[in-house]
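Based on the hints, put chain F in the right spot on chain E.
There are 2 protein chains.
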Amino acid sequence: MSDPILSAVQQLRRFPGIGEKTATRLVYWLLRAPKGTAKAMADALLVLADGVCECAMCCNLTAQSPCRLCAQPHRNETLICVVEQPQDVLAFERAGEFRGRYHVLHGSISPLDGITPDQLRIRPLLQRLRDGEVKEVILATNSTVEGDATALYLARLLQPIGLKVTRPAQGVSGGTEIEYTDAVSLARALQNRQVMR
Amino acid sequence: MSDPILSAVQQLRRFPGIGEKTATRLVYWLLRAPKGTAKAMADALLVLADGVCECAMCCNLTAQSPCRLCAQPHRNETLICVVEQPQDVLAFERAGEFRGRYHVLHGSISPLDGITPDQLRIRPLLQRLRDGEVKEVILATNSTVEGDATALYLARLLQPIGLKVTRPAQGVSGGTEIEYTDAVSLARALQNRQVMR
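Here the protein sequences come in this chain order: E and F. Sequential numbering of the first sequence, starting at 921, is according to this note's numbering. Sequential numbering of the second sequence, starting at 921, is according to this note's numbering.
So that you can see chain E by itself, here it is in the shape it has in the complex (with noise of 0.2 Å):
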C-alpha cells in the first residue's frame, strides 16, 4: 500500500510550478487544517472533472451551455472579444470594461508546436457571425509572437465579410514606471500615442 502522504505529494506536484517542496507544503497543510478541508477540496476536484462543458455559443468552459456570460440579456450582441484561453474572458471580465459577447479559441495558431488554424474554434466563430449581428470583432488574443499571428490571420479571413475588426490598444501597461517598461511595449506606446485633452 503506497504512503497517502507522499501520494498525494505526488498528486500535487503534477500541477504546474508546484515542486516537490511546494507539495510538501501543501499535504502537511492539509493535514493542520480544519477537519473537512481536504474533503472539500477533493469534493470540488470531482466536479470539476465530470461537470464542465464547452459553451456551444462562445466555446467558453462551463458547467452548462449557454454559459451565464452567454444568458445574460443585457449584454451588447453586435461586439464580440475574441480571446485565445477561458482565463482571458476572466481577465476582462475583472478589468469590467467590456459589456460585448465573448469567444474562446482555446490556443493560438503555432506551426511549432503543430497548433494549426483548424484547430481552434475558428469554425464556431464564423457561424455566429453568418446570424449578421455581430458589427465589430476585437482579436485580443495575446500579444506574443502567436498572439499576433492568430490576429493577423483571423483579420485577413474576417475583414472580406465587410467587419470592422480591432486589435486592443497597446503599449506602458497601468502603473508601469518608465524606466522598466521593455523596449517593444515603450515603441508601440509611442506610436499610438494619443493626444491630450
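Hints are computed from structural coordinates only; laboratory data are not their basis. One should not assume that every hint holds.
With a Cα cut of at most 16 Å, we get these calculated EDC-like pairs of lysine to aspartate or glutamate [as the list claims (entries may be wrong)]: (1) F:K955 to E:D970; (2) E:K959 to F:D963; (3) E:K959 to F:D970; (4) F:K959 to E:D970; (5) F:K1084 to F:E1053; (6) E:K1084 to E:E1056.
Relative to the frame of chain E, chain F by itself:
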C-alpha cells in the same frame, strides 16, 4: 448551483501561498490535463483526509502505526533526533546522514501564539527515553527564537536524566557565499569554527 470552475478556484486558493490568480491557473490547467488527472488528485486528497494518524512511537504523521521509519529494524536505537514538524523528518531523510530514530514535537514553544510545552509531544518523548536504550538526543528544532527556546527547555529537562543532549551545528549554509550570509549565522560560524585537518 455554483459554478464548478469558480468553486474549484475557491477551494485551491485556501492553500497557503496560493492566491486567486494561481488557483485559477491551476484549475484551467486541470481542465486541459489528461482525463483522470483531477480524479486522481481528488482521490489522493480523500485518502489523506481519512488515512493519516500519528505514529505511536515517534508521533510523525503516517498511514499506519508504527510508521515506515520506526518499523525499519537497522536504525540506531540509541540516538533520537527531535524535530518540530513531520516535514523536518523528510529534510533529514533527504540529507541521508542520519541513521537513528526520530521524534516529532508538532510545534515549538511559543507563548505569544499560546503554545506551551504541554501542547507538544514531549510526554511521549519522555516515555520513549524511559525505556533506557537511548543514549543521545539531538535537538534539531528550528534555528529560530521559538526553536531555540524549545531546545533549551528540552535540554534542561533531559540533561538531569543523564542523557547526552546535542544540537546540530550552526554556521554558513552549504553553497552560500560569505558576502550574503546573515550576521547571526556568520557569528555562529566563527564561534564554532573547526580546526582543518
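Broken hints, by number: none
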